[in-house]
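Quick mapping for you: the protein sequence lines, in order, are chains A and B.
With numbering that gives the first Met the number 0 applied, the first sequence corresponds to residues 0 to 157, in that order.
With numbering that gives the first Met the number 0 applied, the second sequence corresponds to residues 0 to 248, in that order.
Don't read these hints as lab results, they were simulated from the structure.
All values reported here derive from a predicted model rather than from experimental measurement.
Idealized CB from N, CA, C, for every residue including glycine.
Keep in mind that a hint or two might mislead.
So these bits of chain A aren't anywhere near chain B, every CB distance computed over 12 Å [as the list claims (entries may be wrong)]:
(1) 24
(2) 45
(3) 54
Listed next, the in silico DSS-like pairs over lysine-lysine satisfying Cα-Cα at most 30 Å (straight line) [said to hold, decoys possible]:
(4) B:156 <-> A:24
(5) A:51 <-> A:119
(6) B:31 <-> A:119
(7) A:81 <-> A:70
(8) B:31 <-> A:51
(9) A:51 <-> A:70
(10) A:70 <-> A:24
(11) A:51 <-> A:81
(12) A:81 <-> A:24
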Amino acid sequence: MFLAVLILTLSIAMFFFYIQTICLKILRQEFDRDYFLPIVNANRLEFPSVRKAVEEFDAPIDYARFCMMLKCDFLALSYLLKNAANESHRYTPQDRLLILYFHLTYFMLRLRHFLRFEEKTPFLRLTAILQFFGNVVGLRVSSTHFREVSASDYLLTL
Amino acid sequence: MSGITASNLLSYAGYTLEAGLLVYLLAHGYAKRLWELVFYLLMSLSVIGARSYTLHHYGLGSSQYWNCYWTTDLLLVLAAFVVVASFFRRACSENQEMWQFVRLLLGAVLVAITIVSFFSLSSHKDKVFSLFIVQFSQNLYFASLVLTTLLYLMTLKMEVADERLGLLVCGLGIEFAGPAAGLALFYLARGAELSRLVGVYFFPLCDVGMILTWFYAVSRVPDLAKVPRPTVGRVDGTPAYARGNISHF
């Protein structure tokens, strides 16, 4: 009985550890330039300002406002992932895994807030996921030929 | 959709992915460089074939199927152990002294598991061989899970730069950790609905998770020796890592 509980606990911990490691390895992908910047500008996304506020200023985190900003950015980017320059209008398995990871990290953020633990790490991780989504959308858009229409013009018409 | 149908669908998705990855590896010339993956996939597909044949000819309740199931299970766990050992070798490619030590450790683990499995069956002298196979494969399975974790920690400690190896190890970790947790839960919640759900959905999902991770590692992560240098301003010059995100119209 004790051994089974021990194996169960360790295995579940290892399972989530491996899932998280895979997600972090995907997020570490390097893009040759910042494809996310035009996407951020065209859609007035706010996660770069959240990251800047969390990283650079030593002030207390405005939890409710930052959560709302990240959630709105997530909704916008997940829509773009599915529909912008995506012929199949479907998420890839990689997108799905990272969307799941976003939800899990968001849940952990709420849990940490409830338990009054440090919130900086999950905030930064959420912004990293959103930046990755922005890079993927930007890369797709920049690789698509729209004749005379620029990437940001195309995004504004969506 | 009934649980059995869903389980079958997930299992067939796993088999299709395994066959697809095998074809991909062979078609792209990875057979030599990633021989351990080819070996494991070939073994897994052969096991599926052997089990299907026995099930079709002898039935689910037959002793032939029982023997076939557990013998092939042992072969599969041994194949996974070989994959773990080969990943250890890759991780120690620049440190031969460490590899000598790891090789000794892996041999000792295998011998220890054989001895422990044999002595734990001393009370069942009538069916020693068949029960030994079951016990041995279960012990080796859990040992492989622990060894995979050690391997991953070793790659972190030794700062192994091979990103692909890291992802391959993570895939293997999911394949070991998921079912180990499922089996423990199965044991603790005997007869409960939860344990049935674990068996129906979770085991095939872990298999699919491992194959997808391996697929990603092989197709999207560049070889350590062939990491491209980034070029600025051209989509053609995007890293191999990122290139797969492009949807071509």
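Find the hints from earlier in the document that the structure breaks and name them by number, from lowest to highest. Failing hints, ascending: 1, 6 and 8.
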